[in-house]
Amino acid sequence: MFALRLVGAVVIPIAAFYTLWVTFDFLRDSEANRVIVVGVAVVVGVGGVFFLYWAMNRAVELLPERYREGVRPWIFVGPAMVLLSVFLVYPVINTILISFKDAQSQSFVGLDNFKFVFTDESMLRAIRNTLGWMILVPVAAVTTGLAFATLADRLRRGEAVAKSIIFLPMAISFAGASITWRLIYSFRPAGFGSNIGLLNGIMLGLGQNPVDWLSQHPWNNLYLMVIMVWMQTGFAMVVLSAAIKSIPDEIIEAARIDGASEWQVFRRIIVPSILPTIVVVATYMVINSLKVFDIVFVMGNAELNQTEVIAERMIRWFFIGQDYGKGAAIAVVLFIVVIPVMVWNVRRFREEEMIR
Amino acid sequence: MAEIVMEQVSKVFPDGTAAVSDLDLDIDDGEFIVLVGPSGCGKTTALRMVAGLESISQGTIRIGDRVVNTLPPKERDIAMVFQNYALYPHMSVYDNMGFGLKLRKLPKEEIDKRVREAAGILGLQEFLSRKPKALSGGQRQRVAMGRAIVREPKAFLMDEPLSNLDAKLRVQMRSEIARIQHDLRVTTLYVTHDQVEAMTMGDRVAVIRKGVLQQVDTPQFLYDHPNNLFVAGFIGSPAMNMVEANLSISDGSGVVEFGGYRLGVPQQVVSARPELKAFDRKPVIVGLRPEDLEDASLVPDAPADRRIRTTVILREALGADVVAHVKIQAPAVVTEDVKELAHDVGQEALQAVEQGARSGESTFLARLNPRTAAKEGQPIELVVDVGRLHFFDPGSGLGIYGGDGN
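Here the protein sequences line up with chains A and B, keeping their order. The numbering of the first sequence is the numbering used here, which starts it at 15 and goes up by one. The numbering of the second sequence is the numbering used here, which starts it at 95 and goes up by one.
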């Protein structure tokens with residue numbers, strides 16, 4: 015009896031999985047109308063997942079009671095873990111592997127690619143610039159977001175409108191925003207037509223000569239960061255504003271009665287109360303600025319303007335330069351840089367949980 | 095420390111509702127005044143105007159010798175205890191209490207001395223380094239008190255500080271707050287909807303209804319000489335029994351008749367209320383406190399014109415006494431005041447009052463000696479302490495006293 019059940023517990027999931035597999039094979043090779051095939055596939059897919067879970071759960075029921083509750087969680091977590099490994103863990107390992115190979119991924123070249131990452135002039139600039147992005151963008155976006163959130167909270171009316179306007183850039187893609195800002199920074203040297211850029215329009219209006227903003231190293235890095243701040247401030251504002259509104263009014267009133275000025279209320283009560291949220295938003299921004307690519311890519315020749323960043327270099331080498339080894343090595347470096355941020359984030363999150 | 099004077103203070107909210115109307119209230123230096131009323135009566139708004147958290151639509155508020163109408167809260171030198179304590183969640187108990195002093199740039203040693211002193215008074219010494227989250231409700235309440243005490247302010251303002259505590263703790267903190275206030279002699283304005291708190295804690299009690307002050311007096315005087323039906327019904331638990339009766343006066347003493355009963359009103363009661371003469375052969379509202387009724391079998395020699403025969407509907411044994419609900423064949427009194435009181439209790443109470451008025455029947459509550467033989471469904475004879483009857487004008491709802499300005 016026991017052996018029978020054990021066999022059942024193994025056979026049922028295998029049979030269920032096999033049935034689904036065969037169904038998909040059949041559908042793929044079927045000559046029927048494509049639309050019908052797609053429809054059936056969707057139904058079988060959704061129903062199949064349900065069926066698979068149900069079958070595996072049944073199989074668990076057949077196991078001896080002692081093992082049942084130990085096995086059951088794995089049945090439900092298992093599929094997600096398999097998918098994660100296929101689409102996340104495997105690529106990571108493969109990328110690391112490629113990073114030790116040559117441009118065509120044919121032979122191992124040792125640490126050559128990493129030597130390149132840390133010696134190439136352009137790469138070093140990219141690392142330096144990325145560090146700048148990582149620090150300046152979160153600081154600027156969180157500070158302005160916090161300022162907007164605090165001030166909007168005090169508006170008698172029109173808070174929703176004001177916040178919507180500031181939030182709006184969030185809805186634009188990085189590439190779209192970059193193109194908008196290219197027009198703002200646009201510069202044409204004398205003899206190549208009139209200057210249509212907003213900033214140069216202002217310069218001309220003030221009787222100054224137009225400036226080629228995007229080639230003003232190192233300031234052009236800041237000009238690019240402005241774009242990201244412009245886009246991310248709205249996000250910071252919305253999240254922080256929600257946090258500010260969740261502070262009970264009485265606490266603010268108590269502080270006022272205790273003798274706090276409005277600035278002291280902000281500094282000693284509001285900011286400490288929403289500090290966990292500020293940290294979350296700032297980490298999100300740090301990770302986002304590590305990944306920044308589109309802005310730099312769209313806003314002209316990064317190498318010429320010396321505005322390279324790590325992610326931009328990675329794509330440049332991997333896809334445009336077709337040098338898989340160097341591209342992968344840059345990706346690995348980027349990956350390693352993100353780890354401490356994530357670890358810190360997770361640890362902080364756990365501490366928060368513990369306080370709760 | 096200072097007195098607080100409110101003169102003709104009104105608050106009208108932007109949507110037109112008048113929360114407080116022409117409030118006149120003098121709080122003497124060191125006095126403990128309790129502002130009491132049903133929920134939504136404007137008592138908290140009044141307190142918040144004193145604190146500076148709410149603007150003043152009309153009138154003036156003085157704290158000490160300064161008119162504070164336009165002063166922000168931080169310049170009024172007052173401390174407030176909130177209903178939900180409003181402790182700063184990110185600060186330790188020590189920092190919560192010392193925050194106000196730190197903002198005033200007091201030297202560290204002075205802050206430390208005051209915080210430790212207050213912690214000593216409140217028994218919080220072992221909790222000074224804890225965060226509010228790690229404290230029980232009662233401890234949080236103490237921290238909120240401590241935050242007020244260390245400030246040594248001109249006045250304490252307390253907004254229902256005990257309503258979030260469970261019943262037992264509430265009784266304990268009630269006496270504790272009263273004791274601390276008594277020791278420190280800080281002028282205190284205390285808001286509550288609980289008339290027991292008001293009676294037990296206040297040097298004087300101010301009863302407020304729909305933003306209008308009804309009466310300000312010592313708890314006992316308020317209980318014995320309510321200005322009107324509202325105060326009479328609000329102060330005291332169980333509430334005063336009220337019934338419409340016909341009064342006739344002859345030879346200086348009177349008789350009230352209701353629901354087939356005749357009660358004699360002694361001469362000294364009539365003479366103490368000169369205004370009562372105007373109600374001869376007219377209806378009045380008679381008020382009877384539950385404790386002024388007693389089981390006749392325990393008072394054997396009571397004269398016939400002080401007795402009521404009725405039936406017990408419900409018997410509630412409280413240990414120290416028995417509250418008997420008895421049937422009275424007379425319509426319940428329904429005035430705006432009574433409706434307001436019933437409304438505060440709940441919708442059911444309001445319906446019960448209206449139902450009683452229609453059916454021509456009402457229920458009296460009698461607080462009897464526990465030796466009573468009262469049984470549910472059984473007839474009982476009650477003796478009324480007629481010397482303690484209350485009389486109200488059925489038209490205006492005002493108490494009938496007269497002569498000495500009461």
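Source of the hints: derived by calculation from the structure; they are not laboratory data. Note that CB positions come from ideal geometry on N, CA and C, so glycine has one too. One thing to keep in mind: the hints can contain errors.
Said to hold, decoys possible - Label-pair distances were calculated between CB atoms; the ranges are:
| hint | chain 1 | residue 1 | chain 2 | residue 2 | range |
| --- | --- | --- | --- | --- | --- |
| 1 | A | F181 | B | R224 | 37 to 45 angstroms |
| 2 | B | E470 | A | S260 | 33 to 41 angstroms |
| 3 | A | S178 | B | R198 | 39 to 47 angstroms |
| 4 | A | I261 | B | R198 | 42 to 50 angstroms |
| 5 | A | S275 | B | P183 | 16 to 24 angstroms |
| 6 | B | E101 | A | A185 | 54 to 62 angstroms |
| 7 | A | V355 | B | T164 | 46 to 54 angstroms |
A quick look at each hint next to the structure:
1. F181(A) x R224(B): 37 to 45 angstroms: Holds, since F181(A) and R224(B) (Cβ atoms, about 40 angstroms apart) stay within the stated range.
2. E470(B) x S260(A): 33 to 41 angstroms: 52 angstroms, violated
3. S178(A) x R198(B): 39 to 47 angstroms: 41 angstroms, holds
4. I261(A) x R198(B): 42 to 50 angstroms: 23 angstroms, violated
5. S275(A) x P183(B): 16 to 24 angstroms: 21 angstroms, holds
6. E101(B) x A185(A): 54 to 62 angstroms: 56 angstroms, holds
7. V355(A) x T164(B): 46 to 54 angstroms: Taking Cβ atoms as reference, V355(A) and T164(B) lie about 50 angstroms apart, which means the hint holds.
In the structure shown, a violation is registered for the earlier hints numbered 2, 4, in ascending order.
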